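Asker: Position chains U, D and H against the provided structure of chain W, taking the given hints into account.
Protein chains: 4
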Amino acid sequence: MPMKLFNKFYQQIAGNRLAHWLTCLPEQLSAWQKNDLHGEFYKWQKTIDALPNTKPSSIELKDSVTIGSAEDISEGEQKRISNLLMNFKPWRKGPYHIHGVHIDTEWRSDFKWDRLKPHISDLKNRYVLDIGCGSGYHLWRMRGEGAKFVVGVDPTQLFMMQFRALQHFIKDDNVNLLPIGVEHLPQLKSFDTVFAMGVLYHRKSPIDFLQQLKAQLAPGGELVLETLVIEGDKHTVLVPGDRYAKMRNVWFLPSCDALVFWMQRLGFKNVRVVNTDQTAFEEQRQTPWMETESLEDFLDPNDPTKTIEGHPAPLRAIIVANI
Amino acid sequence: MPMKLFNKFYQQIAGNRLAHWLTCLPEQLSAWQKNDLHGEFYKWQKTIDALPNTKPSSIELKDSVTIGSAEDISEGEQKRISNLLMNFKPWRKGPYHIHGVHIDTEWRSDFKWDRLKPHISDLKNRYVLDIGCGSGYHLWRMRGEGAKFVVGVDPTQLFMMQFRALQHFIKDDNVNLLPIGVEHLPQLKSFDTVFAMGVLYHRKSPIDFLQQLKAQLAPGGELVLETLVIEGDKHTVLVPGDRYAKMRNVWFLPSCDALVFWMQRLGFKNVRVVNTDQTAFEEQRQTPWMETESLEDFLDPNDPTKTIEGHPAPLRAIIVANI
Amino acid sequence: MPMKLFNKFYQQIAGNRLAHWLTCLPEQLSAWQKNDLHGEFYKWQKTIDALPNTKPSSIELKDSVTIGSAEDISEGEQKRISNLLMNFKPWRKGPYHIHGVHIDTEWRSDFKWDRLKPHISDLKNRYVLDIGCGSGYHLWRMRGEGAKFVVGVDPTQLFMMQFRALQHFIKDDNVNLLPIGVEHLPQLKSFDTVFAMGVLYHRKSPIDFLQQLKAQLAPGGELVLETLVIEGDKHTVLVPGDRYAKMRNVWFLPSCDALVFWMQRLGFKNVRVVNTDQTAFEEQRQTPWMETESLEDFLDPNDPTKTIEGHPAPLRAIIVANI
Amino acid sequence: MPMKLFNKFYQQIAGNRLAHWLTCLPEQLSAWQKNDLHGEFYKWQKTIDALPNTKPSSIELKDSVTIGSAEDISEGEQKRISNLLMNFKPWRKGPYHIHGVHIDTEWRSDFKWDRLKPHISDLKNRYVLDIGCGSGYHLWRMRGEGAKFVVGVDPTQLFMMQFRALQHFIKDDNVNLLPIGVEHLPQLKSFDTVFAMGVLYHRKSPIDFLQQLKAQLAPGGELVLETLVIEGDKHTVLVPGDRYAKMRNVWFLPSCDALVFWMQRLGFKNVRVVNTDQTAFEEQRQTPWMETESLEDFLDPNDPTKTIEGHPAPLRAIIVANI
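Protein chains in written order, with full-length UniProt numbering: chain W, 1 to 323; chain U, 1 to 323; chain D, 1 to 323; chain H, 1 to 323.
Bound-form chain W, shown alone (with noise of 0.2 Å):
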């Protein structure tokens, strides 16, 4: 009895552009629930099951994630929520606020956000591609923007679970995540923005990476793409060792003229820096929905320029180019 999670979705690209997807993937997420499912997911899955189906009187994405007001519910019921949702911890990308739950997740996503919005084309109508979208926060402002169709990829099944929980209440089949990693998609060249955050540096080849995300775009699409990166000029490269900032499998950090002749030279066009900054322990800390540690963990504590192993503190850099 296989599960029906994708059904939707796959009736859904049948009907667009993205309709040449179906070569491989209900194969591939067929393949998935057979031999990849987490051991705790059907419980996880009767968690979402006992939320309370509710009808919320507003749903804000454009500005933040806000699904209706405390008011739409009772106590008990925001009880129910609040409780069923800290199941899912640890929560890192967000913040959401359902019917008065503040869901305080360990990243203050929207600061990204805010911070490359204005450099970014208008998502009006566009379908739009997330790799790496952790609990899919991005999905929905990218979808408050006014994409036609938004699609976000990650591998961690709790981040899907995060999302799916916020499925339940928004009902929305044009914001859809599936569970695989940028290494199973085909060469989809359909979407008109592709956005990679934070996953650059966790790709053994980042060449591979960027030719990867430069085939999912169609023609005249946008690459927004954000990484780690260091100072230095176009021959600076950072790969650290076993761990930076205590994270395990990091692999290259350049700096922002590196990567940028390295997108050059992959056929990217208009290539530019808009934005770049230093995490502030504003947007990245432990709350009570991720209680394990964070960025202050990771920083060298007399010197908060350092890593705790040493290496530049976490500078991060947002890249737009087109094809």
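It is worth saying that the hints were derived from the structure and are not from the lab.
Take these hints with a grain of salt, some might be off.
[Said to hold, decoys possible] Stretch-level coverage of chain H by chain W, calculated; a stretch enters the list once three of its residues show a Cβ under 8 Å from a Cβ in chain W:
hint, segment
1, 201–208
2, 297–308
[What the hints assert, rightly or not] If you only want the chain W side, here are some residues facing chain H, beta carbon under 7 Å, derived:
hint, residue
3, Lys204
4, Ser205
5, Ile207
6, Asp208
7, His235
8, Thr236
9, Val239
10, Gly241
11, Trp262
[Unchecked claim] Calculated lysine-lysine pairs in the PhoX-like style (CA-CA distance at most 25 Å, straight line):
hint, chain 1, residue 1, chain 2, residue 2
12, H, Lys214, W, Lys204
13, W, Lys234, H, Lys189
14, H, Lys189, D, Lys34
15, D, Lys117, D, Lys189
16, H, Lys171, H, Lys43
17, U, Lys189, W, Lys34
18, W, Lys148, U, Lys189
19, W, Lys269, H, Lys246
20, D, Lys246, D, Lys189
21, H, Lys214, H, Lys124
22, H, Lys43, H, Lys8
This one's a predicted model, so the numbers in the text were calculated from it and none came from an experiment.
Note that beta-carbon positions come from the ideal geometry of N, C-alpha and C, so glycine has one too.
Answerer: Okay, now just chains U, D and H, sitting in the frame of chain W:
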């Protein structure tokens, strides 16, 4: 630039009990488009595109396949329909009536339908599969009986074009034809009724074929099998030589007793022969829409009880069974 | 740590006309080792390893399979051989004589050999394949007739161990057994003689099976086919129910005429029935090396011309043909 | 009719520690023969076949690659060898001496060998793999140092023909070249020494490449890596634009410090730079056997420390490491 022939079909099954078919079908049909398209396909497609768009005053599928009347269109349009459809000769299975154009096919497939209809379960609301459906004549009749969703499979692309010509006028998304052979079907276990008429004797392995049919049925489903048989006891099986009634690729013609026994052995229940019939010249003959040889050329001119090769003349049985 | 069971075989075929088999065989057998190894395999392997290393005074393969004599070894060693080989019961095909240990198998496979030998081409210097070879008794007899390179295939791993026990004493790299079924053979087109004895009636699709046999033969090669048949004309084919002589998985028992006709249809030349034989109790019976039921339990105690199920008692035909 | 180019190789590895390679290699090379054979392949093969069969009075592989002397053959034969081998231009890696014919290749690959030999483990009795081996010059020198079994891989088929021309005279089954790229190697974990010279900078993903090299080594094995580097600290990495010294497809040129650090991160032990060397005009230049552009065309005519594109001129490092 892939064709979009099947996107609407994918959209439908994503929303019904056949959704699991998406795990292989789009990939198969995408490979079919790449590798197996008939050399005339695009020419045929243009013929379809050139058919006039009409507003049929009625669509009759229950007692015949009759689309509108001559009065619905101009004489010129009628002429055009007739001329265009002549491009899809030979028309084997029918007949069809399209705005007064009578496609007088080689076979009076309605005769067969009349013979079997009293013996099968009411098709109302059923999912129905017709394996080896030819131009799809019976698909329309099944829908005429109230079937909810009708799928035919037949690898001959000319037949698919004939079907699509009819679909051009009828426009019923719940009737579909896929250009694949029975060997490409996964074990769908989803159809309430499976028809397989005129196919078994073309299979090198009748046992595998019967198992394949069984695998398409939903629990409690019904198989309607029609095939060539010979007289004899349960140990009688004719394997003709190179040709049978001038057909190549004919393998096993069992007696009814043998066939019933095979089906029981494979787990079919309630197996019964509901009809046997010697094909008459009225049922299969040359017409202006099928100008090459037909039944009378296939039989011994001096002894119509024998094929031209000396085998017993075609005797056809209809067998109904359940799982 | 992969086993090295087949490396010597690969080495041999790399140097002979079967080299093209390397394009699939090592991968198949590697998958077999990973997924399909019998639960007792390593225990069996230890049994083989425990067999004494002997110096047989003679190896007789032409008129029997006889390895050395009792005098070649001590009484203790003989006892040990006998005890160890008892672990591989049931021994079906034989008999074997190993240093005076008489493995009195269920079948007197030498009887069958005697019946067919006068009718087949001299095996001298030929490449020979035996499909469904069981413990490999006939492989040794083929080699005894001068065959250059002998390959048997049989998926039953116990039989492979029996073969390897014999090989332990005989040590002849030109006689080999592979634990695969006929369905895993590519179209090798390389063997001068192909034997397929006692297999056809176990195949759901006898036509596919015969084509598969044909595909193993080198141009001009010879097929030696032995199978169960029934009396009757060319339209007579028995498909028994669940059991035939208590065997499950029995499908098609054609008459000789039917079988000969099928083979002609498939392009075999010079097809002739060289022997038919009602299996006698002397040829198939219980022995100390096979202690479960045998022929006399499979026949009707009141009418030995019938199986216990009432089918005709086993009648076996040997058919020889060329391509 | 498959060619038998690799059967002898299969035979050898079936009998040595590379036997597990048979699970994929024959299939890969069979596909290569079917799909990827160079258009000139059969013409080249005829050139090889036309080479005279000689009896070299000596085979020198230790200090050079020198086959026999001019005196071993007639003047006509020498002329013929020279003329035939000219068909395989451009000859890049060498030099070779064949019965007095001096194949004066673009590269003095012996210079590189002399630079690295003092720093690597004695090759005596080792299994050795050379990735990107070109015409295989170093394969012979490795064998000259006593390596037991030498395998080179290089996808360029002209280089394979050059190798096979040499093999025509030397006839040493323990030296082999396979026309495959490093990406087709399974994780063999079997070689005592792996050489990868002049390849890393052509790989889009140097990290994946280094892991692939590691996966070929037997426990305790040694990697000899030679590649282009630039001056700089451990954060210095040059990614040139479309061309580097007129070469397309050049990606990462790290500093020695960066490269050593990458290797340590990947688990290599005892990583040391044993040599760096600015390529001299004497080592890479036009000759009658390589008539197109060479090093002096690739450098800035006014500043030989720069490539024609303005990058640092080729600086090559040899790094040795263990696992």
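Asker: Against each hint, give a clear statement of whether it holds in the structure.
Answerer: Evaluated hints:
no.	hint	verdict
1	201–208	holds (count 4)
2	297–308	violated (count 0)
3	Lys204	holds, 5 Å
4	Ser205	holds, 3 Å
5	Ile207	holds, 5 Å
6	Asp208	holds, 6 Å
7	His235	holds, 5 Å
8	Thr236	holds, 5 Å
9	Val239	holds, 6 Å
10	Gly241	holds, 6 Å
11	Trp262	holds, 6 Å
12	H:Lys214 with W:Lys204	holds, 16 Å
13	W:Lys234 with H:Lys189	violated, 37 Å
14	H:Lys189 with D:Lys34	holds, 19 Å
15	D:Lys117 with D:Lys189	holds, 23 Å
16	H:Lys171 with H:Lys43	holds, 21 Å
17	U:Lys189 with W:Lys34	holds, 19 Å
18	W:Lys148 with U:Lys189	violated, 36 Å
19	W:Lys269 with H:Lys246	holds, 23 Å
20	D:Lys246 with D:Lys189	violated, 36 Å
21	H:Lys214 with H:Lys124	holds, 21 Å
22	H:Lys43 with H:Lys8	holds, 22 Å
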